[in-house]
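There are 2 protein chains.
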Amino acid sequence: MLVVKKFGGTSVGNKDRIMNVAKRCIEDYKKGNDVVVVLSAMGKMTDELIAKAKEINPNPSRREMDMLLTTGEQTSVSLMAMAMDSLGVPAVSLNAFQVAMHTTSVYSNARIKRIDTDRIMNELEQRKIVIVTGFQGVDQFDNYTTLGRGGSDTTAVALAAALHADACEIYTDVDGVYTADPRKVSEAKKLNEITYDEMLEMATLGAGVLHNRSVELAKKHGVALVVRSSLTTEEGTVVKESVKSRDNEISGVAGDDDAARIAVMGIEDTPGMAFKIFNVLAKKNVNVDMILQSVGHNDKKDISFTVKEEELDIAVKALEDYLPDSYYEEIKASKEVAKVSIIGKGLLNHYGMAARMFNALYKADVNIRMISTSEIRVTVLVNQEDMVKAMNAAHEEFEM
Amino acid sequence: MLVVKKFGGTSVGNKDRIMNVAKRCIEDYKKGNDVVVVLSAMGKMTDELIAKAKEINPNPSRREMDMLLTTGEQTSVSLMAMAMDSLGVPAVSLNAFQVAMHTTSVYSNARIKRIDTDRIMNELEQRKIVIVTGFQGVDQFDNYTTLGRGGSDTTAVALAAALHADACEIYTDVDGVYTADPRKVSEAKKLNEITYDEMLEMATLGAGVLHNRSVELAKKHGVALVVRSSLTTEEGTVVKESVKSRDNEISGVAGDDDAARIAVMGIEDTPGMAFKIFNVLAKKNVNVDMILQSVGHNDKKDISFTVKEEELDIAVKALEDYLPDSYYEEIKASKEVAKVSIIGKGLLNHYGMAARMFNALYKADVNIRMISTSEIRVTVLVNQEDMVKAMNAAHEEFEM
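Taken in sequence, the protein lines are chains C and A.
FYI, full-length UniProt numbering numbers position 179 of the first sequence as 179, with every residue one higher than the one before it.
FYI, full-length UniProt numbering numbers position 340 of the second sequence as 340, with every residue one higher than the one before it.
Okay, chain C solo, but in the shape it has when bound (with noise of 0.2 Å):
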């Protein structure tokens, strides 16, 4: 069996941890398989290199950045081969070059095009471990680039569709995929298994354990995932394209304070102002989220829409700036809002599982703001102080 196993930051952040991560992986070649590992930087390094770098430069070139940032990942995986090879297993480490982890030009944010598998498999062969850095890639020419956040589990992905492997483990801080986030929602409970879908669903709106990218990436190529934790041997969550069981029902339940509203009053009943409102905003790069139109008085209309708290501002300003003062009668703005998502495949064919939701909420008190909805996700909007009480009563009602 070809297993990859990704280690984050903070489970290779000193020695004993490295020595840890060595022994468990050791644990898996001794029963004869093939293991291809995973690493990010140490700890808070890529924070410290961020410093040192800003401290010279406030405003350094990406391409220097991420040839600064990917000693990171070398400096982990040297000394993790250093911790098998005191072990007795033989052990090579190899970065983006030696792997040939070919990626686009574009500089901390960049997508891997296509990985050499040769080295590793020669290296396997030889019955090493191969240790290799996460998040970082070359570019054609010979540039360094790194893949933004949530980088290494993207190569771990990548790396297992790559080598065929038979699974691909990502090993983290919680033990797997809960139904919501345990600080919040006291009866939380491990998922054994989640769609790839539910997970992107969740990782969007801030309760996943993993990226977006490498969600997507997995599905892409039928990669199934395993998220467990670095310090426990429990069985972890499994991540794949379909699951048995609970079909009609919600896989978790999401909260995401990190929303703010914005809601433009009395603009004037003609056509096209909701595109000249969205269009000033998508030139600031502000990414809008729930959008909400509604009649307000004297026939005038009301648009509210939702963005990230630390993109308000900018919204606010682009709003005052290029929208003219005759389009509208007032703006308003607030940070005292969040969002609240139940996330299901169950929801697909079962229309009343949203209206159950609401029901909850209004018996719990809650007042509902604004209504999105996807095929398995129904997200609300409810004031900041609402959001934990709304969490509990929506996974309460869902008997997760």
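These are calculated hints, taken from the structure and not from any lab test.
Model, not experiment: these values are computed from the prediction.
Some hints here could point you the wrong way.
Same chains, same label: a pair holds when it works inside one copy or across any pair of copies.
Straight-line Cα separation of at most 25 Å, PhoX-like style, residue types lysine-lysine; simulated pairs [unchecked claim]:
(1) 30 x 284
(2) 44 x 54
(3) 23 x 128
(4) 23 x 52
Based on the hints, put chain A in the right spot on chain C.
Showing chain A alone in chain C's frame:
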């Protein structure tokens, strides 16, 4: 003009020093020159990485150690590129893989085989300052290698040769090559010029600011080196094939207290005894330096020789273990000795110089225990406590 400038770890040890080096290189660039900069790892970074490795594995593989250490220079070069960029000058950092610095596979002590200059020339044509990692290379299987002690100097010289550079400047913490160590000989003077061969003898004797391999490479390719300070704008010392002035003179006096003396006393006067002694030492990789054979008492011989201090114990133990007791009467060992040398191409045709040195030491009441010579060097072994006195006496004698 194309200039290669090499700066050591101290010169890039913190933000201010990095900015200082950046400014210095930019001055040259603004004169219209093509500038290639070679950097070592920052300050103590290499030592810190080695300590980190040894914590995990007291005896790490050299392949993985090189993989780890190469992150040091990569950190320096990317930060330097950011520094130059912040000063408004386009710069690009390149590591050994990006330059295509091909070396042998001897980890921790590789030799440069070939440098592809395409990438560097291409970047220079775009009027960028090119910043290259010193000390490191890649072998034919894409593994990282390092060049051993003084490796960054070697990188700079090899690049200067490959690029047909007009100058190769080695910046260091002293402002040139001196006639003697100024900490020991207060009358020591900076040399304007010195030949490769003289520099090699100085380096071998521990007095050189350049490592032997870089000087050998410069000699082989006829690269004129300039040794100068990164802290001042002093002219420095030029190292080249031949120098015009001081043809009959001595270029320098060197003292080396990293020497130990072993005397094997009372050896049977049968053929092959010297071979047996040095064969035992060769098998233990002990380097023998000065050798003196003398007639002892009772028609027996004494053989004395010097080794480096750290090899003394190994050498004595090897002799005791492998040399039959009947071959000799006694082995004496002492670390209380030092070598004092005069170096100069003037020695080549002027035999009287050695006699003048011996006379000067005699007048200074320094006892000479052994003598060895090369074409451009005379070395004497003295008691360690006499080393500085002997250096000063020789320095004064030749009016340096």
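Hint by hint, here is what the structure shows:
1. 30 x 284: neither (54 Å within a copy, 38 Å between copies)
2. 44 x 54: both (16 Å within a copy, 21 Å between copies)
3. 23 x 128: within (14 Å within a copy, 47 Å between copies)
4. 23 x 52: Answer is between; shortest inter-copy Cα gap is 19 Å, intra-copy 33 Å.
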